[in-house]
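Got chain A sorted already, so can you dock chain B onto it with the hints?
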Amino acid sequence: MNFKIRRAAKEDCKDISRMIMDLAIYEKMPDQVKISHEELERDGFCQNPLFECLVAEVPEEHKSNEGFTVIGYALYFYTYSTWKGRAVYLEDLYVMPEFRGNGIGTALLSKVAEIGKKKQCVRLQLSVLNWNTPSRDFYAAKGAQDLTVTEGWHAIRFDGQNLDNLANEAPKD
Amino acid sequence: MMAADAIFVYVQELAEYEKLAEHVKVTQKDLEQDGFSKNPFFHGIIAEVPEQHKTKEGHTKIGYALYFYSYSSWSGRAIYMEDLYVMPEFRGKGVGKALMSKVAQLALAAGCHQLNFTVLDWNKPSMDFYLSQGSFDITASMGYHCMRCEGEALEHLAQP
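Read top to bottom, the protein sequences are chains A and B.
Residue 151 in the UniProt record's numbering sits at position 151 of the first sequence, with consecutive numbering throughout.
Residue 74 in the UniProt record's numbering sits at position 74 of the second sequence, with consecutive numbering throughout.
One chain only, chain A, in its complex shape (with noise of 0.2 Å):
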């Protein structure tokens, strides 16, 4: 199939958008998407964007089915590892289901690898839902590690009431 990946655009963030949406309901968690394409138009085309993403796209005449040309995207940003120096995080990879086994997944990955190695990064992270076995499949295909099984590694987070109460008791400066 005749695709190309290119560099997304400010204009590209409703099709993105898009398939955020189409993402999480895949990953059975849609109620979770509280940013729309206003706020990826605002993060990441400002002067010193938040994240950086690709699109894959097709020419007209292999358009999806709703009349979509963007049919894929990587989203990712830069990290830091104080052991190991620049990383690069893949925030989301995603193929709509009817461009998948086209190796578009494999080129948006690759080419996120290939651009953080440009910049010395030497480590690409993401994480992966245990449930999800063609996305697990897929990665320890590439030679990515399960940390989670390997080592131990368990990812926390605050957020919502339990971030600002952690914030309230900042010491005073």
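Don't read these hints as lab results, they were simulated from the structure.
Among these hints, one or two may not hold up.
Capping the alpha-carbon separation at 20 Å, the derived lysine-lysine pairs in PhoX-like fashion look like this [to be verified]:
hint : chain 1 : residue 1 : chain 2 : residue 2
1    : A       : Lys172    : B       : Lys25
2    : A       : Lys84     : B       : Lys97
3    : A       : Lys84     : B       : Lys29
4    : A       : Lys119    : B       : Lys29
5    : A       : Lys119    : B       : Lys56
6    : B       : Lys61     : B       : Lys93
7    : A       : Lys4      : A       : Lys111
8    : B       : Lys124    : B       : Lys97
9    : A       : Lys118    : B       : Lys102
10   : A       : Lys117    : B       : Lys61
11   : A       : Lys172    : B       : Lys38
12   : A       : Lys172    : B       : Lys61
13   : A       : Lys142    : A       : Lys172
14   : B       : Lys97     : B       : Lys61
15   : A       : Lys84     : B       : Lys102
16   : A       : Lys172    : B       : Lys97
17   : B       : Lys38     : A       : Lys119
Covered by chain B, per the in silico footprint, the following chain A stretches (three or more residues, Cβ under 8 Å) [as the list claims (entries may be wrong)]:
hint : stretch
18   : 2–14
19   : 66–72
20   : 80–90
21   : 95–104
From chain B, some residues computed to sit far from chain A (all C-beta separations above 10 Å) [said to hold, decoys possible]:
hint : residue
22   : Gln52
23   : Thr55
24   : Thr60
25   : Lys61
26   : Arg77
27   : Pro88
28   : Phe90
29   : Lys97
30   : Ala98
31   : Gly143
32   : Leu157
For glycine and all other residues, C-beta sits at the position ideal for the given N, C-alpha and C.
Same frame as chain A, now just chain B:
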């Protein structure tokens, strides 16, 4: 610059505690370059005690938190706390809590909706501390697994 050398010492001490000391490849120079340039890859805060409480070796900088901004495609801007460390002789005095609360305060001031980090499952003191402060374990409760690609696997992936 002084902060980078203190952070470097504590990064190594924390790695020793986590039994993964041989994994530390970053140098003090890397920390200076990556944390204290125009577009830093990370930010740090330090806990300091007055001269009269300094350690046996003479340190007054006795703890640190290192963090950076991240992004959730579901909730927007977030903070990731990469390290939180207090020297053993200064624990149990609220220093860790103060550092973490300060990171949370900075997170809210920057418009972040989440403070994320990772803990080793056998590290009971840390796990208990974080859970008692109101965080939740999204690996245990939601099934998120942390994945990593590095070394040869990453090289291979990055081939155009």
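These are the hints, each one checked on the structure:
1. A/Lys172 / B/Lys25: 35 Å, violated
2. A/Lys84 / B/Lys97: 26 Å, violated
3. A/Lys84 / B/Lys29: 13 Å, holds
4. A/Lys119 / B/Lys29: Measuring from Cα to Cα gives roughly 17 Å; hence the hint holds.
5. A/Lys119 / B/Lys56: At roughly 41 Å apart (the allowed maximum being 20 Å), B/Lys56 and A/Lys119 break the hint.
6. B/Lys61 / B/Lys93: 15 Å, holds
7. A/Lys4 / A/Lys111: 11 Å, holds
8. B/Lys124 / B/Lys97: 16 Å, holds
9. A/Lys118 / B/Lys102: The hint is violated at about 34 Å.
10. A/Lys117 / B/Lys61: Given pair A/Lys117, B/Lys61 is violated - Cα atoms ~34 Å apart, limit 20 Å.
11. A/Lys172 / B/Lys38: 27 Å, violated
12. A/Lys172 / B/Lys61: 18 Å, holds
13. A/Lys142 / A/Lys172: 47 Å, violated
14. B/Lys97 / B/Lys61: Within the cut-off at roughly 16 Å; holds.
15. A/Lys84 / B/Lys102: Measuring from Cα to Cα gives roughly 25 Å; hence the hint is violated.
16. A/Lys172 / B/Lys97: 13 Å, holds
17. B/Lys38 / A/Lys119: Since the Cα atoms of B/Lys38 and A/Lys119 sit roughly 15 Å apart, the hinted pair holds (cutoff 20 Å).
18. 2–14: Our answer is that it is violated, as 0 residues pass the Cβ test (under 8 Å) against chain B, missing three.
19. 66–72: violated (count 0)
20. 80–90: holds (count 8)
21. 95–104: Violated - the stretch 95–104 of chain A has 0 residues with a Cβ nearer than 8 Å to chain B, which falls short of three.
22. Gln52: 19 Å, holds
23. Thr55: 21 Å, holds
24. Thr60: The claim stands: B/Thr60 keeps its Cβ more than 10 Å from every Cβ of chain A (closest is about 17 Å).
25. Lys61: About 16 Å separates B/Lys61 from the closest Cβ of chain A, which puts it past 10 Å; holds.
26. Arg77: The claim is violated: B/Arg77 sits with its nearest Cβ about 6 Å from chain A, within 10 Å.
27. Pro88: Nearest chain A Cβ is 19 Å from B/Pro88, so the label holds.
28. Phe90: Consistent with the label, B/Phe90 stays out of reach of chain A, its closest Cβ about 15 Å off (over 10 Å).
29. Lys97: 7 Å, violated
30. Ala98: Label violated. Min Cβ-Cβ 5 Å, cutoff 10 Å.
31. Gly143: Non-interface label on B/Gly143 violated, nearest chain A Cβ at 4 Å vs cutoff 10 Å.
32. Leu157: Check fails; 4 Å does not lie beyond 10 Å.
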